[in-house]
Structures are given as structure tokens and as C-alpha cells.
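Note that the protein sequences, when read in sequence, are chains E and L. Mapping the first sequence onto the UniProt record's numbering, position 130 (from 1) lands on 130, and the numbers just tick up by one. Mapping the second sequence onto the UniProt record's numbering, position 298 (from 1) lands on 298, and the numbers just tick up by one.
It cannot be assumed that every hint is accurate.
Claimed, not checked - Dumping the calculated BS3-like pairs for lysine-lysine here, alpha-carbon to alpha-carbon at most 25 Å: (1) E:Lys361 with E:Lys235; (2) E:Lys227 with L:Lys57; (3) E:Lys57 with L:Lys227; (4) E:Lys227 with E:Lys250; (5) L:Lys57 with L:Lys250; (6) E:Lys57 with L:Lys235; (7) E:Lys227 with L:Lys227; (8) L:Lys235 with E:Lys235; (9) E:Lys235 with L:Lys57; (10) L:Lys227 with E:Lys250; (11) L:Lys235 with E:Lys227; (12) E:Lys361 with L:Lys227.
In case anyone wonders, no lab produced these hints; they're calculated from the structure.
2 protein chains.
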Amino acid sequence: MSNETNSRGLPLAGIRVLDMSQYEAGAACTEVLAWLGADVVKVENPKGGDPGRRSYKDESDADSWYFLLFNANKKSITIDAKSPDGLALIKSLAAKADIFVENFAPGVIERLGLGPDVLREINPRLIYSQIKGFGRGSANEQTLAFDMIAQAAAGLTSITGFAGGPPVRLGVTLGDTGTGMLLAISILAALHRRANTGHGEHLHVAMQDAMLHYNRIGFSAQALRGKAAARVGNKLVSGANPPCGLYHCKPFGANDYICVYTSHNNPDHWRRVLEVIGRSDLIGDPRYSTHAARVEHEAEIDDLISTWAAHHDKYEAEKLLGSAGIPAGAVRDTQELHNDANFEQRGIMQWVDHPQRGRFKMPGWPVQHDGATTEIHAAPLLGENADAVLADWLGAGPNETAAEESQYEGDAKQ
Amino acid sequence: MSNETNSRGLPLAGIRVLDMSQYEAGAACTEVLAWLGADVVKVENPKGGDPGRRSYKDESDADSWYFLLFNANKKSITIDAKSPDGLALIKSLAAKADIFVENFAPGVIERLGLGPDVLREINPRLIYSQIKGFGRGSANEQTLAFDMIAQAAAGLTSITGFAGGPPVRLGVTLGDTGTGMLLAISILAALHRRANTGHGEHLHVAMQDAMLHYNRIGFSAQALRGKAAARVGNKLVSGANPPCGLYHCKPFGANDYICVYTSHNNPDHWRRVLEVIGRSDLIGDPRYSTHAARVEHEAEIDDLISTWAAHHDKYEAEKLLGSAGIPAGAVRDTQELHNDANFEQRGIMQWVDHPQRGRFKMPGWPVQHDGATTEIHAAPLLGENADAVLADWLGAGPNETAAEESQYEGDAKQ
């Protein structure tokens, strides 16, 4: 698996992240920092902690899979931010942190007395980072947003689905994770600047704004045609490019499709397709020999590919097309991906041990650093690392730690 | 607009990026680095440059909108990498670079003689970064991949669309831009490590692997139910959570929908919904009073919301729901987003001037650093910055520059 990482340690070793994120957008951001070696301490309320622990859950008492997938490699400490002692403790931790991340509802962190001005005065080197649903200064500034709302409000939904059908949300939670990734980039850029200036900064990103970034293919189509980019099913938002799309393969199950793409910049792709599908007789046929001609005959071309695809299963089709130099890939479902041992062998998915959930497999950080991915460890139980964090960050010994702990746990019960 | 940025300059000022990316995945990565202040030099072949310049184009000779949106704030120099002089020049630039990025087809950069071993020997501090379609060591390692293939092969397509219907690709190009963002994170983490170690590193990410990261909501559903996550239209992949979804608003156009979400962790949301839709009579009704009850009566609940939505346009609905503390957002198309001046006012979209395309508006980097987004400049024309780059990076004076330039331009014509 991952023989992490090399003799030089993890890239962000020594960086401390005070993590007041919850659910996914903020949690995904700080998880990446943890995977890359930062010491990420999740500060959670003692009454159940991050509500993500209880999101999309089964009947067990264990933390949700949702939580486990977005909080690996972190530590957890419970602190009641609404108590004076808890607030003081969070400030003490902030004084030692390099990065702070929160994604509460608008105004919450400021009302807790932990706004950017407060923490940056305590620690001018702090990179104070916020995620909200809509931008400051927008009409919806105070509106609560969750993933699918950000997708809808930034046009992603409008270009997903079929012409004549309704807009369709992306199954994946890009509104959350996608925003978290952009914030992580800005955080690391700010960290680089801080090495030169000694100053932290205040980062702020709205989910709707972040989704515009991911929708630039829509905006390029908008610029090209001067009107709203449309839904085109499994074709390209940017324009017709046959053959391009999904073709149903035997045994014709819900996900038995092969995705085929041909580059308009490489005319060879079309010739190769004709060879693979056994229609070399059509090489040079003027109905298909130029990009413009293929656009005109898109329906016929789709029929040609569909006829061929129906005689193969999707993995056969992938192999036949791919090995002939045609961009292609089988549609896979999560079960197939989960079962594919190659992801484990390459360290892309890894097994972790969790005291409640046992041993399970999850995706980690997919970028290889010097040939290996970083090693994943299971998400913390609520408050699991309180002693260690207080000792590491504040230098509190066992006794002091116990005292402080009972103090804020007591406050939590008020 | 953006009064960038503050007296301390841009976060990545002084960082040099040798950019041999093309199309979108690599280009999106280096564009972010450019927006954040890095000096990004795009090395392009003299025969047309990045093929993205001609992708999804109109009939004009101008660079495509697609290219303009993914290559802002960069510089361009044309070099024929296949000529000995061109190759030597690229190596000279690599010796001065902090970061190198490429996303050619598998094996191309190595065959050019610019593989990681070569450039890292020339410059041990170099962060050498590659994007491929499928991972090294996977069965599809040599297969060409474009955006929609990565989406399909990583399960994103399998969970987008309606039950009973085909899988649907995300309209947005997450396979490309999403991968580029993950690479940018690893690049900046490597930059941080380099400040401590003095060593660069070799980064490698595959689009399919990167898409697993974005599909973690699918894998959490997989773990929860022990079977493939299914397509659920505009509901949640993780599980039913009514009311949740898109509701058609007057005047019932293709994108006249309001997206409504209620958090299962906040029972107040449902009460607020009932008040806004004028059905306070149903507050406390046992058919809807718990999450479990609402799941059981999801169809009725959708009818209640739909009936109300049909009497409002989507922006009215957004305002009424949002101001009542209910997470909600209107589906917007790219034309509406393009027309919304608020994005300009906040520096999220910006106007740039381009010698061929004139003045146009595009999305920039959405994260505010100390209250402002960074300033956008139009993408370079092919080879536009050759003299400046040679002077800045290699210290070549006007005469030397001219000599070197004629040399590699000559080679390009072979």
C-alpha cells in the first residue's frame, strides 16, 4: 500500500490546524491538510460534536460513514465554546495554531466571540479561513446553503441532465468538497506567503462562488453562443463532437455503459473507432470524414457505436477501445470500485481500523508524492484526543490536563 | 472590483511555474497558481500551441473561449520541444523553475526527454507534477482519458440522473478541473516542504483516482448499505431527507426551479417550511413531525412544496424561503449568472481585455484573501511573452533573446 512517504516526512508536518468545521465543505478541507501531514485538531461541542457524526446514519451508535470518510487523520477534543472557560481554551489553542477553519452558518463564529478580528489579534500569524454558502455582499449572504443549493445557484444543475428534462443535481457533493478544495489551495498559498511576511491572513469563500469556478465549461459555452448553456445529456456542453457519449453494453444493467470520446484535435480517433467496431468499410466515407460531417450525422454515428457496444460487456468494450488508442472508459458503480483491488495496491483506497466500525476501506488522497500516497488513519471518536492535544499544543502535563478537561466538560453540561 | 491584494503582494509572488499543460486539467491547475501570483510560463509548440486554443471554437481566428477561461494570468512562449535547441531551452527554463506541470498523453513527456528524472537532475528543487487519465500500475495506465471518461470510470456518472434512467455525466468538467485542483493542493504542500528540506518532489495524479475523492458521498452510501449507490435524481444519494429537491416554479421554463433542502439535524427547518408555504395547520401533524415520518410521506411532502412553488417565480421562492431560515436557492443558468452584476461587484467575476476577443467577463479565483479576490488578466496570445520570459528567467538581453528566439523558431519549422 502506501509506504509513506519518504525520509523527509509528510509535506505539512509541523503545521497546526484548529478545525471548527462541520459536515463536509470545511471538513473535507481540513482532512486534506491532515492527510498531507498537518496536525488537525477538531474542536467539537460536547453535546454530540460535529453533526456530521450523525448524518445519513444507520441505527447503530457508531459515527456515520459520512463522518468517517471526511474526518480521517484528525484529532478530536470537545470544548463548549459557549462557556467562558471553553472560549478561553479555544483562544489558547488558536494562539498556537497556524490555520483556523470554520464553516458554521453566517454570523455564528462571530457571535461565539471567535471571529477573525479576535483570533487574528491573539495570533497575527493565523490563517483564518471561512466557508459560507453565499458571498458577503450578496443578496443571499444570510441564507443557509447545503451542497445541492450551491450547485443549483451556480448553474451546475442547469447544465446536467437531458434536453427537455428537468435540471439534475450532480450525484457527488461538489458544492461541499469542491469548495473545501479551493479553500485548501488558498490556505497553502497563504502559508507560503506567511513564510516571507510573518503575517497570516483572512480567507473567505462562498460555496456559490466556488461553484462558478467549476462551471467554467458552462461559461465558455455561454461566451461562445451568447446564451445560456443548455442540458445535453451525455454529450458535451461545449458542442457536438461525435462519437461522444455513453453506449449501452450487454447485459444492459443500470450501469452497463461504455463512455467513448474522440478528440476533435485528433482525426485518427475516428478511424480507430471504425476499425475497432468492425466498420473499416466506412473509413474515408464523406458522411463521416470531417468533424463537421460527423456533427451532421451524429445520430447515425451513435447507432453505429450502439450496435457494436450491445455485443460486448462494458469492460471488454473499454479494453478494445482503450488498447486501440481511443479515449474510453466503462461506467463503474461504487460497488465495482470498492471491489477493485487495484485501488488498494496503488494506495488510492486504503484500509483503516475504527474502534466502532472495525476495519473498512476508504479513498484517501489520490496524489502520489514521490511515488506513494499518504497513509490514512481512521477518524477520531468524539473527544478522543483531548489529553494529547492539550499536552502537545499547550504543554499541559497530565494533572493540569485533567483539571482543564474537567473544567470544560463541566461547562458543557450547563 | 478586486483591489488586490494588500501591501504584501500576491501569495505566490516570486514562484516560477514551467507550464507544459494543455486542455483543461493541467491548465486549470497552473491558472490557479497564476491567479495567486506565480509567474506561470506556458511552453507551447509553435504549430498552434495548446490544442485548447482551438477547442470548441467559433469560425474566428481568435483563441477559443475555452482557452481564455483556463489560461488567464499566464505567459506564453513557443518552443519546439522536438528540436535539440528547443529541448535545451526548455531545460534551461526548468533549471530556473520551482514547479513543472504537464498533462500529455502517457509517455509523451518522457519520450520528449523531459521526464521527471531528467528535469529533477537538472533542478533538484523542482516540483515535477503530472496528470494522467488512469493511475500508474492500473490496467488502463496507457488509456487516453478525457473529462467524461474520468467521471464515468470513477462512479460519478453512475450516481447522477434518475432511477430507471441512464447514468448522466456532470455537465461541468470535474474530471479535468477537479483533478487540477487536487494537484494544486499537493504542489503547494510540496512547496511548503521544500522550504524546510530544499528538495523538490515528483507528484503524479490520475483523473480516475482524483474523481474517487469527489465521489466520497457515493462511497459513504456504499458503506452504509453494502451495495452500489444508486441514482436518485434530485434527492440525496445518502438517503431520503424530505423536503429536499427541485420544485418547478412559474413560469415553468427549463430552469425555473427552486432547490429546497432541510437539515435532518435541525427539526426547525420543517416547521419553517410549513409556515412559508402557508400550511401552518400541518405543524405537529404526526404524518410529518419526525424525520422518519417525513421519509414515509415524501411524495405528499413533495406535492405540498410543488403546489406552493407553482405560485411563485424561483427568485421569489428563494427569497421567501431563505429569509425564513430555510436552506434554499434558485436554479440559475449561465446567462442569469453572467448578467448578475453582484459577482462583478464582489470580484468573483471580472472583466478582462483581450486583443482578439475584446472586453469580456469571466469567473476568477473565488477565495477572498484579506477581503479581496485577486485580479485577472487575459490569457496570452501564442508566444506573446517570449522576450520577457527569456529576459526574466534566463537574463538574456534583447540581442541574445533575439538570437535564441530565431533559433528555436527556425527549428519549429522543420
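These are the hints, each one checked on the structure:
| no. | hint | result |
| --- | --- | --- |
| 1 | E:Lys361 with E:Lys235 | violated, 33 Å |
| 2 | E:Lys227 with L:Lys57 | holds, 15 Å |
| 3 | E:Lys57 with L:Lys227 | holds, 15 Å |
| 4 | E:Lys227 with E:Lys250 | violated, 39 Å |
| 5 | L:Lys57 with L:Lys250 | violated, 35 Å |
| 6 | E:Lys57 with L:Lys235 | holds, 16 Å |
| 7 | E:Lys227 with L:Lys227 | violated, 41 Å |
| 8 | L:Lys235 with E:Lys235 | holds, 23 Å |
| 9 | E:Lys235 with L:Lys57 | holds, 16 Å |
| 10 | L:Lys227 with E:Lys250 | holds, 21 Å |
| 11 | L:Lys235 with E:Lys227 | violated, 28 Å |
| 12 | E:Lys361 with L:Lys227 | holds, 14 Å |
Hints 1, 4, 5, 7 and 11, counting from the list given before, are not met by this structure.
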